[in-house]
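> Just so you know, the protein sequences line up as chains F and A, in that order. Numbering-wise (the working numbering), the first sequence opens with residue 275 and increments by one. Numbering-wise (the working numbering), the second sequence opens with residue 207 and increments by one.
Heads up, a few of these hints could be off.
As the list claims (entries may be wrong) - Calculated pairs, DSBU-like style, for lysine-lysine (alpha carbon to alpha carbon, straight line, at most 35 Å):
#1 A:LYS264 with A:LYS275
#2 F:LYS315 with A:LYS265
#3 F:LYS288 with A:LYS248
#4 F:LYS294 with F:LYS338
#5 A:LYS248 with F:LYS340
#6 F:LYS315 with A:LYS248
#7 F:LYS340 with F:LYS315
#8 F:LYS315 with A:LYS264
#9 F:LYS329 with F:LYS294
#10 F:LYS338 with A:LYS248
#11 A:LYS275 with A:LYS263
#12 A:LYS275 with F:LYS294
#13 A:LYS264 with A:LYS248
#14 F:LYS288 with F:LYS338
#15 A:LYS284 with F:LYS315
#16 F:LYS329 with A:LYS265
#17 F:LYS315 with A:LYS275
#18 F:LYS315 with F:LYS288
Claimed, not checked - Here chain A is said to cover these stretches of chain F; the calculated rule only asks that three of the stretch's residues, wherever they fall, bring their Cβ under 8 Å from a Cβ of chain A:
#19 313 to 322
#20 382 to 388
Keep in mind that the hints were calculated from the coordinates and are not lab data. From the three backbone atoms N, C-alpha and C, an ideal C-beta is built for every residue, glycine too.
What follows is each chain in one-letter form.
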Amino acid sequence: GAVVSQHPSWVICKSGTSVKIECRSLDFQATTMFWYRQFPKQSLMLMATSNEGSKATYEQGVEKDKFLINHASLTLSTLTVTSAHPEDSSFYICSATLAGGGFHNEQFFGPGTRLTVL
Amino acid sequence: ILNVEQSPQSLHVQEGDSTNFTCSFPSSNFYALHWYRWETAKSPEALFVMTLNGDEKKKGRISATLNTKEGYSYLYIKGSQPEDSATYLCAFMRTSGSRLTFGEGTQLTVNP
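Please work from the sequences and hints to get the whole structure.
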């Protein structure tokens with residue numbers, strides 16, 4: 275149980291285009307989903323917290339107009355990287371918590387998306 | 207800014223060796239410490255969520271201890287197997303419902 279999928283697993287795009295990444299909780303309802311980014315040899319850095327039906331909360335230094343997050347249902351959150359540039363190339367990974375917080379807010383992760391912007 | 211540090215960064219051991227690594231975190235305002243195991247091309251998998259000082263948890267050959275007063279947790283693997291090869295992440299949570307702050311991970315390689 276508590277499986278999270280992410281699509282696509284990797285994507286290559288041209289500079290200036292937008293890319294959408296989907297995060298789905300397959301067998302549970304997730305009121306809260308998180309989006310992380312990981313640069314090489316660095317830790318997972320939280321970008322934003324997304325609550326179903328409300329606006330996402332972005333971490334300091336993360337541009338909300340560049341990284342659009344939509345959490346329209348209890349099983350789906352999307353991250354759109356708008357007008358992507360090479361410096362946006364990174365590994366993006368989402369996670370979700372069970373409705374009600376679960377056991378000490380345990381987070382269930384997707385497998386991640388490798389974005390390369392040419 | 208919360209500092210969560212893991213050591214060593216990487217570790218190579220032989221099959222059958224026992225090994226351990228460290229996660230250090232701020233000792234003030236502690237709520238929980240999470241350990242994850244992350245195999246290449248897979249999702250990070252939760253191993254333990256630890257909340258109480260002195261906690262010791264075990265799952266098969268893997269165990270973890272927690273010292274909240276001094277701000278560290280150890281993860282032990284007994285009799286390492288090649289399938290234990292993965293990156294082990296710890297993450298600190300300051301209050302219930304707050305963000306997880308991750309360390310950079312310890313990359314373990316177990317050679318057959």
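> Would the pair LYS284 (chain A) and LYS315 (chain F) pass a check requiring their Cα atoms to be no farther apart than 35 Å?
27 Å, holds
> Quick one, are LYS340 (chain F) and LYS315 (chain F) close enough, alpha carbons at most 35 Å?
24 Å, holds
> Within 35 Å, alpha carbon to alpha carbon, are LYS315 (chain F) and LYS275 (chain A)?
29 Å, holds
> With a cut-off of 35 Å on the C-alpha distance, tell me whether LYS315 (chain F) and LYS288 (chain F) pass.
25 Å, holds
> Can the restraint linking LYS275 (chain A) and LYS294 (chain F) be considered satisfied, given a maximum Cα separation of 35 Å?
Judged against 35 Å, a Cα distance of about 43 Å means the pair is violated.
> With the threshold set at 35 Å, check whether the alpha-carbon distance from LYS288 (chain F) to LYS248 (chain A) stays at or below it.
Within the cut-off at roughly 26 Å; holds.
> Between LYS329 (chain F) and LYS265 (chain A), does the CA-CA distance stay at or below 35 Å?
Roughly 38 Å between the alpha carbons, so the hint for LYS329 (chain F) and LYS265 (chain A) is violated.
> Run the distance test for LYS315 (chain F) versus LYS264 (chain A): straight-line Cα separation, threshold 35 Å.
This hinted pair holds, its Cα atoms lying about 28 Å apart.
> Between the region 382 to 388 of chain F and chain A, are there enough contacts, at least three residues with CB-CB distance under 8 Å, for the coverage claim to hold?
Held - the region 382 to 388 of chain F has 5 residues with a Cβ nearer than 8 Å to chain A, which meets the minimum of three.
> Measure nothing beyond the straight line between the CA atoms of LYS294 (chain F) and LYS338 (chain F); if it is 35 Å or shorter, mark the hint as holding.
With a Cα-Cα distance of about 14 Å, the restraint between LYS294 (chain F) and LYS338 (chain F) holds, given a limit of 35 Å.
> Starting from LYS288 (chain F), check that the Cα of LYS338 (chain F) is at most 35 Å away, please.
21 Å, holds
> Could you grab the alpha-carbon distance between LYS338 (chain F) and LYS248 (chain A) and see if it respects the 35 Å cut-off?
Holds: LYS338 (chain F) and LYS248 (chain A) sit about 28 Å apart, inside 35 Å.
Violated hints, listed in ascending order, are 12, 16; each of the other numbered hints is respected by the structure.
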